[in-house]
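Colleague: Starting from the given sequences, assemble the full structure and let the hints guide the process.
There are 2 protein chains.
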Amino acid sequence: MSDQLNYNMEVIKVEKSRINDVDFNNLSFGKIFSDHMLICTYKNGAWNAPKIVPYQSLTLDPSTKIFHYGQAIFEGLKAYKDSNNDVFLFRPDENCKRLNISAKRMAIPELPEAYFMDGLKALLQVDKDWIPTQDGSSLYVRPFIFASGRGFHASPSDEYTFIIATAPSGPYFSGKVTVLIEEHYSRSANGGVGYAKAAGNYAGQFYPTQLAVEKGYNQVIWTDDNTHEYIEEAGAMNIFIRINDTLITSPTSDRILDGVTRKSIIDIAKSEGIPVDVRKITVSEVIEAANNGTLKEIFGAGTAAVVSPISGFGFKNKDYILPELENPYANKLKKRITDIQTNKAEDAFGWRVKV
Amino acid sequence: MSDQLNYNMEVIKVEKSRINDVDFNNLSFGKIFSDHMLICTYKNGAWNAPKIVPYQSLTLDPSTKIFHYGQAIFEGLKAYKDSNNDVFLFRPDENCKRLNISAKRMAIPELPEAYFMDGLKALLQVDKDWIPTQDGSSLYVRPFIFASGRGFHASPSDEYTFIIATAPSGPYFSGKVTVLIEEHYSRSANGGVGYAKAAGNYAGQFYPTQLAVEKGYNQVIWTDDNTHEYIEEAGAMNIFIRINDTLITSPTSDRILDGVTRKSIIDIAKSEGIPVDVRKITVSEVIEAANNGTLKEIFGAGTAAVVSPISGFGFKNKDYILPELENPYANKLKKRITDIQTNKAEDAFGWRVKV
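Which chain is which? The protein sequence lines are A and B, in order. Position 88 (the first sequence) corresponds to 88 in our numbering; numbering is contiguous. Position 182 (the second sequence) corresponds to 537 in our numbering; numbering is contiguous.
What the hints contain is simulated information worked out from the structure, not anything from laboratory work. Heads up, the beta-carbon is just placed ideally off N, CA and C, and yes, glycines get one too. One thing to keep in mind: the hints can contain errors.
[What the hints assert, rightly or not] Mimicking EDC-like on lysine to aspartate or glutamate, the simulated pairs with C-alpha atoms at most 16 Å apart in a straight line are:
{"id": "1", "chain 1": "B", "residue 1": "K625", "chain 2": "B", "residue 2": "D600"}
{"id": "2", "chain 1": "A", "residue 1": "K31", "chain 2": "B", "residue 2": "D513"}
{"id": "3", "chain 1": "A", "residue 1": "K43", "chain 2": "A", "residue 2": "D158"}
{"id": "4", "chain 1": "A", "residue 1": "K334", "chain 2": "A", "residue 2": "E346"}
{"id": "5", "chain 1": "B", "residue 1": "K386", "chain 2": "A", "residue 2": "D61"}
{"id": "6", "chain 1": "A", "residue 1": "K334", "chain 2": "A", "residue 2": "D347"}
{"id": "7", "chain 1": "A", "residue 1": "K31", "chain 2": "B", "residue 2": "E514"}
{"id": "8", "chain 1": "A", "residue 1": "K263", "chain 2": "A", "residue 2": "D93"}
{"id": "9", "chain 1": "B", "residue 1": "K386", "chain 2": "A", "residue 2": "D158"}
{"id": "10", "chain 1": "B", "residue 1": "K368", "chain 2": "B", "residue 2": "D484"}
{"id": "11", "chain 1": "B", "residue 1": "K459", "chain 2": "B", "residue 2": "D513"}
{"id": "12", "chain 1": "B", "residue 1": "K386", "chain 2": "A", "residue 2": "E159"}
{"id": "13", "chain 1": "B", "residue 1": "K651", "chain 2": "B", "residue 2": "E679"}
{"id": "14", "chain 1": "A", "residue 1": "K296", "chain 2": "A", "residue 2": "E324"}
{"id": "15", "chain 1": "B", "residue 1": "K687", "chain 2": "B", "residue 2": "D600"}
{"id": "16", "chain 1": "A", "residue 1": "K31", "chain 2": "B", "residue 2": "D416"}
{"id": "17", "chain 1": "A", "residue 1": "K104", "chain 2": "A", "residue 2": "D254"}
{"id": "18", "chain 1": "B", "residue 1": "K483", "chain 2": "B", "residue 2": "D390"}
[Claimed, not checked] Here chain A is said to cover these stretches of chain B; the calculated rule only asks that three of the stretch's residues, wherever they fall, bring their Cβ under 8 Å from a Cβ of chain A:
{"id": "19", "region": "385 to 393"}
{"id": "20", "region": "408 to 416"}
{"id": "21", "region": "453 to 462"}
{"id": "22", "region": "493 to 502"}
{"id": "23", "region": "505 to 512"}
{"id": "24", "region": "516 to 525"}
{"id": "25", "region": "546 to 553"}
Modeller: What follows is the structure, encoded as structure tokens:
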């Protein structure tokens with residue numbers, strides 16, 4: 001950990017931990033929060049030094065801009081603990097970079113990298129005991145920035161709040177995941193904010209996802225808003241499609257999030273000798289492959305969902321079932337990435353960061 | 356006012372009004388808030404009865420979904436007081452309808468109409484003294500709903516908060532308004548949330564608008580995300596373009612907000628005998644009209660901005676100046692709509708609602 005910041009970081013600890021109230025063997029996703037949080041505010045043109053405080057409620061005026069104009073961004077990453085009780089993060093520098101890419105697009109002042117990186121590490125040291133070690137569990141880490149300035153004028157806020165909160169969590173999805181390829185609704189526009197982890201991108205997906213859930217699917221696979229012919233992403237995950245032995249995923253764009261899991265999976269797959277094709281992929285190509293038997297796998301990749309095999313999908317009122325393979329790429333890739341993340345395997349890529 | 360709700364509405368008044376601290380002759384837009392607000396919460400599958408309380412801060416857990424997923428919508432309307440001290444609203448039923456249209460798209464439970472309408476009227480009675488009467492001023496009324504449930508799972512909230520806050524306000528724009536016709540960034544996607552007053556739609560416009568402001572413009576005129584060839588809206592206003600004597604405005608769509616001022620201006624213009632053409636309008640058509648002298652006026656129409664004449668616009672690094680007419684449509688239409696709103700003229704349309 002870099003020293004310059006943490007020597008001076010103010011840490012106010014809880015008087016009594018809540019950890020004994022938590023059943024670590026039955027964790028859901030993101031519903032229980034650790035004892036502390038990092039908080040850092042932007043005022044008068046500068047970010048103030050972050051501090052660690054007990055996890056606590058925020059007091060905000062009703063005119064605070066977040067409520068009206070949704071000026072907010074977030075990141076998601078996970079902390080793991082190995083059998084030696086050492087704590088690891090997975091490519092946190094990528095989250096820091098992307099947070100600032102999102103910040104720029106959403107007219108939020110960029111956060112100093114040290115505030116993010118050192119703040120994150122200091123917080124994990126304080127709440128180290130909250131990192132679960134049960135299989136499939138981890139400490140989900142949620143850095144976010146929101147507009148905390150006041151006023152009804154539709155313009156950027158003059159104050160912001162950066163918080164890192166953490167939540168011991170179990171798997172994001174439970175059971176088989178089915179998806180609906182969307183033909184009407186869209187997630188993002190050319191020249192829009194789809195590549196940013198902007199708060200409003202998520203709210204916009206809720207209704208079409210509800211409609212898909214009512215039809216029996218778990219998630220929507222988004223297509224481009226102009227033709228609905230190109231596969232984009234699944235909102236909480238990027239999408240990988242295996243046709244024959246080749247793994248295909250859409251290139252990132254201003255409509256598609258540059259997922260950390262996505263790019264790690266591409267690198268791992270290549271290192272495993274799996275042919276990877278990063279190119280635009282059409283819905284009709286996927287349907288054709290499903291019909292002629294060359295469609296082998298579809299899976300989502302994202303921090304929360306890790307690698308989520310998709311068992312079937314719907315398109316134009318027809319359902320397609322993916323074959324059950326003996327050794328799917330998804331399992332192999334999921335094992336390799338989680339082994340790297342949890343320090344169970346060598347990390348040839350240099351992605352794991354010890355806290 | 357309907358009786359069934361207000362007889363039972365709980366009203367907790369401030370101990371001491373802040374009204375004497377306010378300089379009503381120098382009001383900016385949406386920065387000072389009246390003594391009271393209406394609050395109404397959704398829990399366990401139902402909206403609870405609204406109540407009126409002193410304007411006050413909200414206490415929210417850091418995991419509250421509004422901070423992460425931007426699930427929020429709003430409305431904007433204005434209250435006016437005439438020389439008899441009677442209070443008027445302008446087509447508030449339209450705001451109520453649109454709030455619920457936005458709610459549906461953003462997976463927010465629809466609000467009972469009586470909670471909105473009777474709550475609004477009751478609030479205005481309590482804070483009647485806050486309605487400014489100075490020319491160009493009004494009480495800006497901001498109803499909004501945000502996701503107040505907790506948790507990091509990217510899914511709709513299980514709790515919501517509806518608030519109406521009011522702010523005595525001066526004009527939204529001061530001085531001449533110039534706009535940049537956008538060629539790269541976009542406000543909304545086909546099948547997206549552009550027609551909803553969704554919080555995130557506004558945050559997404561801040562950065563491109565900042566870039567336009569740096570170039571010397573006040574606002575962006577958005578174009579379609581696919582070709583950037585069609586004029587859409589200006590984010591805080593719908594756009595009207597006068598070529599020769601015809602007033603042209605884009606039809607609403609899933610990318611364009613169905614503005615209350617927009618549709619009122621269309622009706623008023625028609626009643627004045629002005630030819631109105633609601634149709635798609637291309638940027639090249641506007642440039643051609645500017646070049647051949649048939650482009651007479653451009654103005655924005657919206658609740659906050661009322662009718663805002665645009666004095667010039669930029670496109671492809673070239674600036675176009677609008678002519679200064681002796682009797683522009685904008686002035687005539689602005690006078691007619693504000694006279695109706697402030698009870699200075701007969702309201703043949705039945706839009707004005709006495710509180």
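Colleague: Are there hints from earlier that the structure breaks, and if so, what are their numbers?
Modeller: none
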